[in-house]
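Participant: Residue strings, one per chain:
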Amino acid sequence: MLKNVKKCFYPENLDECLKLLNDFKENGDIVGGGVDIVWRERKELEYLIFLDKLNLNYIKSDDEKILIGAATTLDELEKIDILNGSFRKAIKSVATPILRNVMTVGGTIVRGYSWSDILTIFITLEGKVKIYDGDENVFSIDDFLKYKKNSKKKFILTEILLPNYKNFYHFSYIRFTRTASDIPLLNEGILLKLNGKKVEKANIILGGRPGFPVHLNKVEENLLNKELNIDLINYLKEVASNTSEVLDDMRLSMDYRKNLSGVLTKRNLIKILEEI
Amino acid sequence: MSRIIKEEAIIKEFNTVGKNVEKYDGLPLVTGQPLFTDDIFLPDMLHAKILTSPHPHAEIVDINDSEALKIPGVRIILSYKNTPRIAHTTAGQGYPEPSPYDHFMFDKKVRFIGDRVCAIGGDSIEIVEEALSKIKVTYKELPYILDPEEAMKGEVIIHDEDDISGVYDKDRNIISHVEIPIGDVENGLKESYYKVEEEIYFTQPVQHTPIETHITITYFDEYGNLIVRTSTQVPFHIRRILSKILEFPMKKIRVIKPRVGGGFGAKQEMLIEDICSLMTIRTKKPVRMELTRKEEFISSRLRHPSKIWIKLGADKDGKLNTIDMKVLLNNGGYGTHGPTVLFNSGSKTLPLYNKAKNVRFIGDAVYTNLPVSGAFRGYGATNGYFALESAMDDLADIIGIDPIELRKINHIREGETSPIFEKLGEGKEGVTQYIESSALSKCIEIGKKEIEWEKWRGKKVRNGNLVRGVGMAIMMQGSGIPLVDMAGARVKLNDDGTLHLFVGATDIGTGSDTILAQILAEEVGVPYEDIKVYSSDTDNTPFDTGAYASSTTYVTGGAVQRAGNEIKRKIINYASKLINENPENLIIKDRYVVNINTGEKISLREIGEKSFYDFEQEQIEASASFVSPKSPPPFAAHFVIIDLDLETGKIIPVKYVAVNDIGVVIHPNLSKGQAIGSIVQGLGFALTEELIYSKRGMALNPNFLDYKLLTSLDIPEIVVKFIETYDPTGPFGAKSVAEININGPAPAIRNAVKDAAGIKLNHLPFTPEKVFNALKEKKI
Amino acid sequence: MIINFILNGEEVNFDAYPGETLFELLRRYHHYEVKGNNCKTGECGACTVLIDDKPIPSCTFLVGKVIGKKVTTIKGFGDIDNPDLIQKSFVEEGAIQCGYCIPGIIISVENLIKKNPNPTRDDIKETLSSHICRCTGYVQQIEAVEKVIKKIKEGK
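Residue numbers (this note's numbering), protein chains in the order written: chain R, 1 to 276; chain A, 1 to 780; chain X, 1 to 156.
These aren't lab readings, by the way, just hints derived from the structure by calculation. Remember, it's a predicted structure, so these values are computed and weren't measured experimentally.
Here are the simulated lysine-lysine pairs, DSSO-like style, with alpha carbons at most 27 Å apart:
| no. | chain 1 | residue 1 | chain 2 | residue 2 |
| --- | --- | --- | --- | --- |
| 1 | R | Lys92 | X | Lys54 |
| 2 | R | Lys3 | X | Lys70 |
| 3 | R | Lys92 | X | Lys69 |
| 4 | R | Lys258 | A | Lys760 |
| 5 | A | Lys423 | A | Lys326 |
Selected chain A positions facing chain R (in silico; Cβ < 7 Å):
| no. | residue |
| --- | --- |
| 6 | Glu647 |
| 7 | Thr711 |
| 8 | Leu713 |
| 9 | Glu769 |
Ideal Cβ placement from N, Cα and C applies to all residues, glycine included.
Use the sequences and the hints to build the structure in full.
Facilitator: Following this line, the structure appears as structure tokens:
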């Protein structure tokens, strides 16, 4: 129980919500799924702000983009059928089925644990987030993480935008875990735009390093404008191992993560190769 | 399930035994009835929590609770200042316990991070948590020691109190030491044609993680009796210990075990009942304490981390002539089950290879400033088998024979004995045993076929970056503790013809209520549905040592069978008087007493009614006790196929086969459940589970986020088979099944990995990183 | 604060602490509706209930989110005299040992079968992966669910 919570609020619009955040300062916060707030047992919280009346639970798509309300739970994301089912498969690997029914996509991005699958997946797919802090702004996720760190302003994350990937795009996501429903000890997402087998665009994002997800630049450089084949993939495995920036933590050593970055890169690329 | 007809004893088809009767508590559990300790509502109930030590080793100079007492709703604070100081063991064992009396309710010293400092009872958990934060403790930190070999040097003494007893050597922190030499091990090794030179094995600390943590609720009933309602495996031991250490008359204590959400040995303790009880005694209010998951990991019990040295020597023809086994147990801050776990690591393993003339077992259980290790399914045998069965596999490599062949040449057989049985008992000398039932050879054959041993062994079949290996291990356990474990059973006839069975035996989810009712039903000749079972209530049921040592089916079952036999005799006698017939012509069948000659019958209901009201009235009932000089071992052969991912070091178990001889199978589904549950726990022990400590001995992963349990997605295909034998001393031929299978996965997987990639993994658990590093070293 | 919602088909309202979870609320008022250790992370799954027909670990679900929702606990399914097909199958297949994790698992399985009457073994394993069972090792639970599916195909 969050024993110090005195009152729950249900603002009817974004400005009302923002005002509450500003009034309450560090003693109030927005509840997405609430999983993180409950787990953390944040003692400073006296006021909880619920988003139920703000209609932030939706998935809309047009030809170019998919708009996801920030309060949409992860299980709803499984319905998004892009990239040959590989997006859905990636979402289904996160946490456990029952937790996906309560975790929100906005909540997981705002909380932004560096090992978060959602961060890696959405950064790979060049997702953007729309925030409201008095003004409406759209950020790339990397920029959002910087904004969150540096800005003194209170904000509400309202929407996530995903390009509606169609032909020529391929995605694969792998997480390395100890058991099936574990948090990822290292994860990697790859998005490729292919013309036949030629790589026109490559996002290779490594997360859970244990730091925040970053591009494996050298691998991307060595992929662009090349033909995807087994020999190239084996070479890129080495490049990934050698150039990935990883650290030790209680769960895995740096050396092992280095080896693993290569293995994940190879396996992701092979999966994409098998798809085309 | 196969039934083997032996030449001497024919296993006949039973009426109830051997059938999957409906589990006694199945429907109530699956419909969410209020069956567990916490499912009770008591007005004015207090909540209690323990303040635990932040230091691995320290003196408590003072505890200042003045600020805490000011908080409204705080009702009682217990510490060394206001509690009785009576040395005891928390281990639930027969009295006098073979364990040191080195524990006090609250001592003036703390011996591990997580040890008790004081306890607070208050109106709500929130109030108590706030009060705990206001307690000011002044510690004098002492040097601490986490490694048992270091601890044995005696530079830091963990238990220096004058008023403790039963410790082998306080000055060197040795709780228990054992040395059993048989024959001449040094010479035997020297003269052996084949040797395993010393191999050292390491097992890690693991926790039982019952989904229901330790929870106790105590209260006074209308008569002023202290009721201790608790999630436990040992209600009678708890009653005895509480009476002693609280100096409260035993006749006023009643311990009740409701449904328990898992125990596995963690609850073979008097762990938090003392605190709740004393708070109730002093405040007169109900008191509830439930350990959080973190507290369950840190402040309850673990499986002993251990270091085991093995040397083996064999003749030219593969016959073992020498086994040298040394076991070092890291016991943590208190002794509890240390001595008996230590003895069991040898007594349940070494007899398996009984023909080795030279056997030496040396063991030490040592204090350190780590959380406490105690009883955990397998009870030392699990540690021992990891070492012994790994070394045997290495010996097979050295000799150049198939590991299955090496086991077949050497394992114990029916009619045989081992000198270990009498030399190693429960913390003292044991009892000579002869194997009266064993289908181990058959188990090995059948398992070998089921796993397709010849197809995979030595072939290192590749599938991309996966390489396949197959490994095996054999094992035995025991069925109760001979001449120590005793159980009582009482049966009475009601006036509707049904029976009530009263047993002290402790069903912790294992299904003992069910199988004991089956044994009674079979013995008397009544349907299973006509039996109501009352268990584990120290006021209302007979004595039972509790759920441990795989004793309930064999020992309590023995009592139930004898009580059943007695009441059958009494019912028939009564009927014979009623209908004026020679009792020898009467049997019980289908709720009737039947004259086998004339077919005349009288219902049990009528007998019950007449016996209460009408004719030579009496309460027809019977009771019996059973203690056995024997502990017939179950046997098992395990086989596993693994795929080893060479790029990551991850071990993927593919198929696991366990073939068991547990005597006659009383309830196939429940036995299968015990086997599979043990196997999955054993797989976790082998692959993923480990408690990790900081340099100061603080648990770094006391949660499910970082202490990894296998999920439904991680388990291999598991095949369990039972090869029945008939043990002449067991109820309808049964032995036991509760523990044995947990001993197999660690050595079987280790041996399968050796088959796949030639690497010897001697450190549990086999995490991907560890395996990867071993592969790298071998340049694979 | 007063929380009103629908509990097993009945409209209820409770006086709740604003910062508590649905698990804590149910344990306080309706003592036997839900089992669990209140780990607050949803990692063992024992406290799972259906909220608007989705299985959710109640120890993670703040009461502020429950208002107006439809909550179903194990009490919303069969009882001792009349267990439903899934409950009976679990008893028959040896899928229950201590039973502490079972109400949560039953709820996940009820939801699985309702939404997918023909799940594969992998689907079943995925559903069970939300739950930790330390006693059974999952095999007999998978078999119990497969038995239910078989029975449904045969027309119960």
